[in-house]
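*Asks:* Sequence:
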Amino acid sequence: MKSDPGASAPVPDASRGAKRSYSPKPFPPPRSDGGLWLRVDYEERDLAKSAGARWDPTAKFWYAPPSADDLRLMPWMPLPGRVARKALGAGKIVGYWRNAIGIEDLDALLKEDPVGDDIPLQVPTPLPDALPIDVHDPKPFMLLIGRTEPPARVLLAIPFGIEPIHDRRAWGRLTIPEEALPRLNDRLLDRPGALANDSFIGQSDEAESWNRDQLQAETTADVQEWIRRGINLLSVVSRCDPLSSDLTEAPGAMGGRTPLVARLVQYHDKSGAAQGIAETYDRILQYQLGAPLPGLMDRWTEKAGQPLAPLGVESLMAAADAHLGHMDSPDDTDRSRRKCYPLDPSQREAVLTTSVSDIMAVQGPPGTGKTSMMKGVVASAIVAPLLREEAMPGPAFILATAATNKAVTNVIDGFGDIAAEFAMNGLLHARWLRGVRSFGWFSPRAQIVTACQAVAAALKPGGKPALKQHQDIAAEWGRFQILARRTAPQNAPPPIPEYLGAASGLLAHGLGKAEEEWLACFGVYTGLGGLSVDQAAAELRKRVREVAKAQRDARQALRFILPLLSEAARQRGECRPGDVGAEARLPQVQSDAVLLRDDMAAWQKRVDGLQEADRTLNRGGIFGWFARLTGQRAKAVRLVWDAHIEMPETEGGADDPARLAPELLTQARAKLVEATGKLVAGRAEVARLQAAADRWRAYQAALDRLNACKRPVIAAVRAAISIRRAPGASPISVDALTEILNGTELVTPSQVFHAFEDLMDLGPRVIAFHLAARYWEARHLMWHRERTSSPSGPVFEPGKALRAEIDGALMIAPCVVATAHRIPRVAMVMRNPVNGMAWGVADLLIIDEAGQAQPEIVSAALAYTRRALVVGDILQLEPVWSETAARDDLLRRACRLKGVPLEIAEGPGSVSRGSAMLLANRASMHEPVMLSRHYRCLPAIIEWCNKEVYGGRMIPVRQPEPDNHMMPVAHVAVAGQIERPREGSLHNRAEAAAVVDWIRKNETAIRSVSRGKPLGRSLVVITPYRAHARLLEQSIRKVLSSAEFDGMVIGTVHRLQGAEAPVVLFSIGATDPGSTAFLDEKPNLLNVAVSRAKESFVVFAHPKMLARSDDRPVGSLARWVAAYPFID
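Reading the sequence shown from the start, the letters are residues 1 to 1128 in the UniProt record's numbering.
Take these hints with a grain of salt, some might be off.
As the list claims (entries may be wrong) - Under the rule of at most 27 Å between Cα atoms (straight-line distance), these lysine-lysine pairs were calculated in the DSS-like manner:
1. 49 / 139
2. 549 / 710
3. 542 / 513
4. 468 / 111
Unchecked claim - Restraint ranges, calculated between C-beta atoms of paired labels, are given here:
5. 1072 / 314: 53 to 61 Å
6. 967 / 993: 20 to 28 Å
7. 245 / 303: 56 to 64 Å
8. 1081 / 1038: 33 to 41 Å
9. 747 / 893: 55 to 63 Å
10. 114 / 898: 38 to 46 Å
11. 222 / 457: 56 to 64 Å
12. 1059 / 52: 50 to 58 Å
13. 275 / 303: 26 to 34 Å
14. 577 / 310: 28 to 36 Å
15. 218 / 148: 29 to 37 Å
Because the hints were derived from the structure by calculation, they are not lab data. From the three backbone atoms N, C-alpha and C, an ideal C-beta is built for every residue, glycine too.
Build out the structure end to end from the sequences listed, making use of the hints.
*Replies:* Here you go:
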């Protein structure tokens, strides 16, 4: 910390401090132009003006315009105004997230050097009038209130800013920050449904209520009043007087016979786990207004637009040309055999859409194969560089992270069991290098690296034994391939990274031995000998290209058939049910129409004749005389008699033709109308049959064209799935595709496309993946040879040296997995020496379990990648947010967000209710894809989740095993009573006893459905309450041996995210529906609980809970389980 060279003493004297002590004038309301108010003393007005400050005559205050240089105006800025101001100037939400990155563990502040001695808590609290500061990097202060006797705990932290004293530039006075509130230690608060530890001090909802009140309270500039408010918060939550000298009756950590103490500390807000995230945001905030943000940050934070529609078949096929790899794995029952499953349609759509998107959101409900989908993305990334035109392409670099440590290890495990272990048998699916199997590296915290290094050093000749704590840590984490960075002297080439954990045996026997073994495996597989590693790598790359070409050729053949299939489907859709025999019936109908036409003409002639006869017979006078004279009357009489013979039903008299003629005319006209109608109907039928025959002929012509192209497609597919396939390998049948193409039912292009891609997944993509993996092993050997060929190492071009340090590791495994806190540090390994950062260095960022990820923690990773795949489920567990709603409201207000940043901060990017998955859904280039096929649970188990949570969009795939005699869903009614321990949560002894009794009675059945595994790996017991979870664990531990109990998960639902078990027991514990209000808010927690069970889900609950019939989540669950058997 810098001192003031003009000061006569390290600390100002009391009189000077007293003279300068005053309450500063409060700031005016925020400026509409985004400027920031400054505190400028009169004597420094000229200096501040020359630095860019401006005077507001209306408000009578100096301010910093948005375009001003923050660094020059820093001495007059209230902290942390610089960060808040930058958020406004950049018009981005980054500053809001940066301000939310604070101290996660208040107890860690006890390690900071105190400013002065600890003092008993009192009001007013003695504080120094002036403190030494570094004006270029001023650090905030915190007043800690707690206990120092072991175990030392911080109960309350009251934040302070610092503003310079302008006539003593290296000294400052404490101020009250704009965007902070006094903060209780969250670890000591009891949250609904959770049990805090024995140091419990109060309820979180009471703290939140106090925070809400402070938002409406009048702001203060008095430091002592600020401290009083903080102490008031502690008293409200603990329900006792923190200023008392005897707190024996106070709860948890409050309790003691001595008063609480206060300690003032200065801390660095970039320390701790979030240091890399804070540095990332600070660098971004230095960007000029309007400049594009690094990586994908612009896309992540820009105004939400309408996402592109899902890819159609043609677009999916175009994207499939770049999807060239697929992973298989060893069979669970026989490790010497391989199993391979193609991607299902929704997984394939997600993979292919990711390849053409900058940000892609994938909704992954439980058990829908998220890991399989991500493995498809990584496999394709391993193959893709080999198809580029570069002579020596660089490996892919994929960053993978997740919201929790458990989710991170699940990601690593997903890439760990792909290749078989090293063996000198030349199998393509086995590693040809010793000491490495996984396709993912783990980048852990320093403590794990240190422990693994100590254990590795102990195994070397003459090594010292590792400490017990190091051995324990290495035993837990050593199963992963750990990538550790070595330090290097300044201006020296980047050193080769250190391989630890499961990769500690990589090149352990020397580079020469590794090359010899790798070439031996290559020779066994290919039958080629006498090649160098470089030549062998070139041969493998050539084979990968052959396999890729076979895929493209087969797909090109399919491209010809899909339009024909679409045309045939269109023609078939235009056909109607009666079109099949229309052409055969058409001649007869045409002949009938001709007869109808003749009949109508005959009746028309008869009507015309009767009209003339009627006029002739019924005219009198000279006209009648003339008709008789000329014989017309006789002719008319004959015409009437002839008509009467044909129409004998006429009622008129047969002896009077004059009377009979009108009646015959009326009847003839009716017959004419009838004949005309029949003719019209006949002609319509002819036209209909003609159109039907034309439609059917068009459909048959389309089918003929389609059938003519089927054989080349099948031939191309056979060639693709057989290329470079190992001798003796089980053949891949194309019957499914042939059956679809040759079936009697016309299929859609989508069905044919997915059937074709299934065969590509089973055949050439797996071959291409393993060939590429062996190629990268050779390149790894070549890379090490190049690195060690000369003492100074190779010369790297500046533009290509950014990733040189870990390129060799990426050749072995392209995926580096780390927690979200460590992602910036991992990426910075490849930092640019020009700007010190590594913006956009990764080819792809994968975020798993994004529904649980805090937006301010994960968003920093978007600056280090060019593409992102975000996988999660907003309908499962939500994030453990770092801020309460009240503190979030205050933070947004202090950052003065507006427009799009405010929209994000109030919604998906909120630090009190947002998540990375919500942000991804907003920023996704295409509409989010939902993985729809469920593979984990039996249909009866997943039924409730599918109906109540996912609207029936999931398709259950599993079927019950023949030897599974357990009921998929059951319930046990337990009329017990709840008890509330001092800590505030609850437990139910009767339910705990019922759970233990059920386990005893069903041990054999549990082992049966888990294929003989111990109960600890077959059974999970969950409850909404931690106190009840602790009671369950104690009760079950008493009746099971340690061998059976080890590994059993007993806890709240939060422990189950990403896990699964054959049998899940769910003990609700509560007896009053009002106690489950937090479960009834959303179905998320129950969704996680139910969807963990693979074979059987059993609910233990009070009869009143099981009798609920309301539509809230617990009531819906009760109705569902009530339909299944009751266990007495």
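*Asks:* Range first: 56 to 64 Å. Now tell me if the beta carbons of residue 245 and residue 303 are that far apart.
*Replies:* holds (58 Å)
*Asks:* How does the Cβ-Cβ distance of residue 1072 and residue 314 compare with 53 to 61 Å: does it lie in that range?
*Replies:* holds (58 Å)
*Asks:* Does the structure keep residue 49 and residue 139 at a Cα separation of 27 Å or less?
*Replies:* This hinted pair holds, its Cα atoms lying about 25 Å apart.
*Asks:* Verify the CB-CB distance for residue 222 and residue 457 against the hinted window 56 to 64 Å.
*Replies:* Holds, since residue 222 and residue 457 (Cβ atoms, about 57 Å apart) stay within the stated range.
*Asks:* Should the hint that residue 114 and residue 898 are 38 to 46 Å apart at their CB atoms be regarded as holding?
*Replies:* Roughly 40 Å apart at Cβ, these two residues keep to the hinted range, so it holds.
*Asks:* Holds or violated: the 33 to 41 Å window for the beta-carbon distance between residue 1081 and residue 1038?
*Replies:* holds (35 Å)
*Asks:* For the pair we were handed, residue 542 and residue 513, check the Cα-Cα distance against 27 Å.
*Replies:* holds (25 Å)
*Asks:* Given a hinted range of 26 to 34 Å, is it respected by the beta-carbon distance of residue 275 and residue 303?
*Replies:* holds (31 Å)
*Asks:* State, for the Cβ atoms of residue 967 and residue 993, whether the hinted interval 20 to 28 Å holds or is violated.
*Replies:* holds (21 Å)
*Asks:* Does the beta carbon distance between residue 747 and residue 893 stay inside 55 to 63 Å, or does it fall outside?
*Replies:* Once the Cβ atoms are compared, 59 Å apart, the range 55 to 63 Å for residue 893 and residue 747 holds.
*Asks:* So if I understand the rule, the pair passes when the alpha-carbon distance is 27 Å or less; does residue 549 with residue 710 pass?
*Replies:* holds (20 Å)
*Asks:* Note whether the CB distance of residue 1059 and residue 52 lies within 50 to 58 Å or breaks it.
*Replies:* holds (56 Å)
The earlier numbered hints are all upheld by this structure, with none contradicted.
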